Structures are given as C-alpha cells and as structure tokens.
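Residue numbers for the sequence shown follow numbering that gives the first Met the number 0, beginning at 0 and rising by one.
Since the hints were made in silico from the structure, they are not lab data.
Predicted model only: the values in this text are computed from it and were never measured.
Treat the hints with caution; some may be incorrect.
Derived DEER-like restraints, expressed as beta-carbon distance ranges [said to hold, decoys possible]: (1) Asp24 / Gln125: 24 to 30 Å; (2) His516 / Gln125: 56 to 62 Å; (3) Ser151 / Ala12: 27 to 33 Å; (4) Asn10 / Lys56: 18 to 24 Å; (5) Ile187 / Val118: 18 to 24 Å; (6) Glu45 / Leu156: 43 to 49 Å; (7) Arg473 / Pro526: 40 to 46 Å; (8) Leu441 / Leu414: 22 to 28 Å; (9) Ser182 / Ser151: 30 to 36 Å; (10) Ala28 / Arg177: 20 to 26 Å.
Note that the Cβ used here is the ideal one computed from N, Cα and C, for glycine as well.
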Amino acid sequence: MFAKAFRVKSNTAIKGSDRRKLRADVTSAFPTLGTDQVSVLIPGKEELNIVKLYAHKGDAVTVYMSGSNPILFELEKNLYPTVYTLWSYPDLLPTFTTWPLVLEKLVGGADLMLPGLVVPPAGLPQVQKGDLCAIALVGNRAPVAIGVAAMSTAEMLTSGLKGRGFSVLHTYQDHLWRSGDKSSPPSIAPLVLDPADLSEEKVDSTFQEDLRCLTLEGKEEENGEVHQACEEKSLSEASEDTSAGVLSQDSTDSRPLQEQMDELLQQCFLHALKCRVRKADLPLLTSTLLGSHMFSCCPEGRQLDIKKSSYKKLSKFLQHMQQEQIIQVKELSKGVESVVAVDWKHPRKGSILESNEVRTIIIDYAKKNELVDTHNKNLVKLDPILCDCILEKDEQHTVVKLPWDSLLTRCLEKLQPAYQVTFPGQEPIVKKGKICPIEITLAQRASNKKVTVVRNLEPYGLDPYSVAAILQQRCQASTTVTPAPGSKDSLQVQIQGNQVHHLGWLLLEEYHLPRKHIQGLEKAPKPGKKK
C-alpha cells in the first residue's frame, strides 16, 4: 500500500476527545495489550498528530504520529499497527516467518506467497482468513511487515503451502516507514523451544542450482495493477498448458524431454523424502506427497509434469519406487493410496565429486544467486536450499549467514565420503566410506620375540599372501597370514621380528603408496639397535 509515495491532505494535533477514542479503539482492536501498554502507546500528554493522506492508489488513510514516528494507521475503519509499534510489541499479532531475500520483494509491493513461508518446529500460528498478521525474517522476531491472511492456517496446510498467503499492507523501508525516523528493526531473538519438542528430520545434502519461487514477484504500474506473477500450477493445469513442455525442458540438456522428466520426477521425490517428509507424517496420502512436497522441491524454471514422463501416472511411478524398496504404498481406504513406510536408509545414487569440485559448485551457486554479502564479502547469505542442506534443525531459524570456510566445511561434512583407487592398466575402483590406512604394529609373543603385523592391505589392491611371500624371502623370517581380528573379510600378515623397515620400503618405494596412508612406519628399528 505504501510502496510508492503518498499525498498528505492534512496534519493536525489530536484533540483530547479523539485521543481517548483512539485509546478505546486500540483496546478493542488489540485486546492482548494491557491498560499500561495502551497508555504508553497513546500517551496522555505527549505530542500526537493525525495525518490524513491518500495512498498512490487513491485509498484514504489516517495515520497517527507519536513524536516523529507513525504508530498506527486506519483504513476503512480498521486499525493497523506500524512496524515501529510492532518492534515495541512483537507479540501483538500472530507472526509468520520468511527469508531475508524476500523482504525486498515485499517492499516493492509484492504479496507474500505461501512457498516463501518458513515453517518453525512448533508449526504455523493458527489464524483465520482475514486475520491481521505480522511477518518477520529468519533469525529475528522483529516484524518487518504486516498483512492480512488470504486463508486460514488449516487451508494453508491443505493447499500444500501454495498460492497467495498474505496481502501485504505495510513494510519496513516503505514510504510510511520513511515518514518516521527510519530506524532499523531491533534484534529480537526467536522463541526457543525445548529440544525435546523438536522432532528428528533428515537434512538433504543434494545441492540444487535453483532458488524456489518465494513471493509473488508483482511489479506495480501506475494504474496499480499487479502482473508478472510467479505462479505454481497444479498438475492438471500444467498438463493442459501447451507451453508446459517448454517450461519443463532444460534448454541446455540435449536429452529427450521424457528422459529429463523422469530424472526431475525422481529428484523431486527423493528431495521431498529427505527434507520435507517426516516419520510423523506417515501414513501420507500419495496426492499430498505430490502436491505438498514434491512440487515445492521442483527447481525454478522447471515444471514437474508426470504426464510427460515415461510413467504417465503418479501411481505407476510410486509403484516403481516401491519395487526399489524405497517406500511402501497401501490402499488404506477404497481408491485412496497412502505411503505407509519409508526406508530412510535406502542407498541413494549420486555422482562422485572431489572436494575441489564441491568447492567450485558451492562458490558458483552462491555467486549465481547473489548470496555473497554486499557489505562483507567473507559472508554468504543462506537461501532455503543451503539451509536445507547444511543447517541443523535448531539452527534454521537463527543462522542466516555463514563465513565461506564454515559454509564449505559444512557442505563437505554433509556429503557421504568415498574413495577411488587406481591400479596400473585397470579402471579406477570407487567405494563408499573412508579408506582405512595400512596399519603396521609390533607385538610381543609368548616366546618374548617381537613380530611385525600389517593389516588393511586389500583396499590398496595388495594380496596379503603375495606380500607375505615377498617379506619372507627378503627378511629371511617366517611369515603367517591370518584373519584380522574384528573383521570378517580382511587378512593380516605377521612377520617374525621387527621388519618395519623392509615393509616400509616395499610399500613406499616399490608399490608407491602415499606415506599418509600408512601408519606405524615410525616403529622401524633405530640404526645400531637389534631387531
């Protein structure tokens, strides 16, 4: 409403009778305010002015100014607090949370769309359609906007958090705010829940290159009409839209559209299971899985359309996922299917990335989406994708920026470790997990004689029996090969005496293994000492 300059009609000091009436109206409109709080908001003797103005669309608005700041405004006989007032009384209205990147859209006149909401661990505030609400940013409870709910909380959840959520009336940094002292929002810590109330939720470690549609990115022309809306279409609407195929296909991908859609469908499905669906949500209607979770995981610029995939129907795709033993689907009521179980530990297919490749991906993503802090180039703003990837559940409402080194370290920690071993003339072998170093130890046997024990040779392509035969010949000492304690498939080689020197030469100089992958080389006998 105040995204553009308004025209002031009059500015007069309030009369005593009008001051008393305003107090009564505030008490009626905001019953949670106590008598003392109302007296502070509407002081008895301090300067209080009534400003009558016309918004740029022609709406007649009455603004109440206390000192230099607007504290309330009245539109069509309804009373609304300004952000200045809400900073003093942050719990005056039900407060919903969105991302910092959304604020500039709201200031520009956009309404808040439901995909832009951040759902806290305790759930969304309970409101009805038409209720006045405050909007705050992640990490700070100080409201930055007020708006009217376009639907009830129940309807928001039923819609899968899609569509218009709030008609925004006033924001921090708009022209009404500029008529005051232009102070910034105070830092008000988010409400902290008992950790016992927080349910376990899996964190997605998949790095996507697109930012979801968070707001209705409407631009207001002189006639006040809103256009260029970023809308999320339902599956049926998408199938009827002749341009849906263009939106769905990645222009940089030469593969057939059907193959691309199959991949996008599986990506949205796995992403939804990993970062949106929880155990407590089961059983989950298959229609809800698609409408409330999978659609919202679709990257911006892509349109998820099952009819353009090889599966054609959701039920056929979910049947395939059930055959892969990722989920279990049952018909709990006639004609209605639900996901009743999810194998959260089911292995996911993924590309092998080296640490320097991960760094490049993250840096490019941050720069592409303009996430580097303009005031401090060492900090990166966290968008919804990065928050899902790297933040713990109790951090998602408090951490909004991270230093580069912390961001990159967290990203690497979230990825599953793997290693690659290459042998001459053979294809590289890639295995999940961390590679164990070759371990060399010295042991004392019953005869008081030392023996050298080496284990974990197999991951490096070394046959324990061949190593034992070579050492037996070079050391002129007896060797044995036995199962390694605590391991089912691994063998260890035992050589009589302290043979670490010979063993080290064999591993380093002949097999050319990196020293960092060998433990125990320091146990070699010092020159002049008896083995």
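Now for the hints, and whether the structure bears them out:
1. Asp24 / Gln125: 24 to 30 Å: holds, 25 Å
2. His516 / Gln125: 56 to 62 Å: holds, 58 Å
3. Ser151 / Ala12: 27 to 33 Å: violated, 41 Å
4. Asn10 / Lys56: 18 to 24 Å: This hint holds: roughly 21 Å between Cβ atoms.
5. Ile187 / Val118: 18 to 24 Å: holds, 20 Å
6. Glu45 / Leu156: 43 to 49 Å: Hint holds: Cβ distance 44 Å, inside 43 to 49 Å.
7. Arg473 / Pro526: 40 to 46 Å: violated, 19 Å
8. Leu441 / Leu414: 22 to 28 Å: violated, 37 Å
9. Ser182 / Ser151: 30 to 36 Å: holds, 34 Å
10. Ala28 / Arg177: 20 to 26 Å: holds, 25 Å
In summary, the numbered hints that this structure violates are 3, 7 and 8.
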